[in-house]
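Undergrad: Generate the whole structure from the sequences, applying the supplied hints.
Position 57 of the sequence shown, counting from 1, maps to 56 under numbering that gives the first Met the number 0, and the rest follow consecutively.
Just so you know, the hints here were simulated from the structure itself, not pulled from any lab data. Treat the numbers as computed from the prediction; the structure is a model and nothing was measured. In this text, a Cβ means the ideal position worked out from N, Cα and C, and glycines have one as well. Possibly wrong hints are sitting among the right ones.
Derived Cβ-Cβ restraints for the label pairs, each shown as a range [claimed, not checked]:
(1) R108 <-> D80: 20 to 28 Å
(2) R56 <-> F142: 21 to 29 Å
(3) R122 <-> F158: 19 to 27 Å
(4) A84 <-> F158: 17 to 25 Å
(5) R159 <-> L52: 38 to 46 Å
(6) R149 <-> D101: 41 to 49 Å
(7) G16 <-> D72: 17 to 25 Å
(8) N160 <-> T47: 31 to 39 Å
Straight-line Cα separation of at most 27 Å, BS3-like style, residue types lysine-lysine; simulated pairs [to be verified]:
(9) K109 <-> K130
(10) K125 <-> K98
(11) K125 <-> K88
(12) K109 <-> K125
(13) K130 <-> K3
(14) K109 <-> K3
(15) K3 <-> K98
(16) K109 <-> K14
(17) K130 <-> K88
(18) K88 <-> K98
(19) K109 <-> K98
(20) K3 <-> K14
(21) K130 <-> K98
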Amino acid sequence: MSTKGDAERAVEAAKYGPRGRGACPLVRANGYGLWNWAEYQDYSNENTTVIVLIEDRAGVENIDDILSVEGVDAVYVGSFDMSVAEGYKGDSQHPEILKKLDRVLEAARKNCLPAMHSLLNGRDVKVWAEKGVRLFVQTADAFVFACSCRDFLASVEEFRNRKWD
0 MSTKGDAERA VEAAKYGPRG RGACPLVRAN GYGLWNWAEY QDYSNENTTV
50 IVLIEDRAGV ENIDDILSVE GVDAVYVGSF DMSVAEGYKG DSQHPEILKK
100 LDRVLEAARK NCLPAMHSLL NGRDVKVWAE KGVRLFVQTA DAFVFACSCR
150 DFLASVEEFR NRKWD
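TA: In structure tokens, the structure reads:
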């Protein structure tokens with residue numbers, strides 16, 4: 000999301016009327032039309048979460064307007080993509096990126112919305128929780144598996160050529 004308009008369109012796309020657009024009573028979640036549409040519409044609108052993703056300078060600059068949109072439930076900070084967009088080649092810990100992240104987290108607090116952030120490891124949870132992040136996402140499952148394998152191999156490497164009695 001880069002603008003308030005982006006956030007408004009996201010809410011509109013995620014919700015049924017009157018907060019959103021469109022209606023399709025023949026979806027699986029509504030029993031393919033067998034359940035009461037009005038009840039399903041209300042239920043769906045109340046149980047659909049809209050999380051805006053902030054990954055660029057414009058999103059940070061417009062964060063207060065973006066988070067003011069009714070129907071936005073949380074904000075997710077895409078620090079890796081933001082670092083690439085800012086020319087820091089994936090360095091999501093660059094001081095300029097951390098400043099932008101702090102700006103988004105402050106806006107989330109001000110708007111009483113939970114903030115979400117992805118982590119590469121569990122060691123960083125405390126740091127980000129203290130900054131105000133309340134929802135944590137682990138990166139891709141393949142990455143988690145690869146790291147686990149790498150760590151396992153590193154832990155047994157010392158025994159690779161050991162002479163056993």
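Undergrad: None of the hints should be skipped; say for each whether it holds.
TA: Now for the hints, and whether the structure bears them out:
Separated by about 23 Å at the C-beta atoms, R108 and D80 satisfy the suggested range of 20 to 28 Å. In this structure, R56 and F142 meet the distance hint of 21 to 29 Å, their C-beta atoms being roughly 26 Å apart. Against the hinted window of 19 to 27 Å, the Cβ-Cβ separation of R122 and F158 comes to about 26 Å, which satisfies the hint. Remark: the range hint 17 to 25 Å for A84 to F158 is contradicted by a beta-carbon distance near 44 Å.
Distance hint check: the CB atoms of R159 and L52 are about 44 Å apart, consistent with the given range 38 to 46 Å. Separation of R149 from D101 is about 31 Å and departs from the stated range, judged on CB atoms against 41 to 49 Å. Checking the proposed 17 to 25 Å range against G16 and D72 shows it holds: the Cβ atoms sit about 18 Å from each other. Our hint of 31 to 39 Å for N160 and T47 is violated, since their Cβ atoms are close to 57 Å apart.
The straight-line distance between the Cα atoms of K109 and K130 is roughly 13 Å, inside the 27 Å bound, and the hint therefore holds. For the given pair, K125 sits about 18 Å from K98 by alpha-carbon distance, which is consistent with the 27 Å threshold. Between K125 and K88, the direct Cα distance comes to roughly 25 Å. Compliance with the 27 Å bound is thereby established for this hinted pair. With a CA separation close to 21 Å, the supplied pair K109 and K125 stays within the 27 Å bound.
For a cut-off of 27 Å, the pair hint linking K130 to K3 stands: about 24 Å separates their Cα positions. Under the criterion of a C-alpha separation no larger than 27 Å, the hint pairing K109 with K3 is consistent with the structure, at around 16 Å. About 21 Å separates the Cα atoms of K3 and K98, which keeps this hinted pair within 27 Å; it holds. Between K109 and K14 the alpha-carbon distance is near 24 Å, which keeps this suggested pair within the 27 Å criterion.
The suggested pairing of K130 with K88 holds, with an alpha-carbon distance near 24 Å, which does not exceed 27 Å. For the given pair, K88 sits about 17 Å from K98 by alpha-carbon distance, which is consistent with the 27 Å threshold. Only pairs whose Cα atoms come within 27 Å are accepted, and K109 paired with K98 is accepted, the gap being roughly 17 Å. Restraint check for K3 and K14: satisfied, since their Cα atoms lie roughly 17 Å apart, inside the 27 Å limit.
Note on K130 and K98: the hinted pairing holds, with a Cα-Cα distance of about 12 Å set against a maximum of 27 Å.
Hint compliance for this structure: hints 4, 6 and 8 are not met, and every other hint is.
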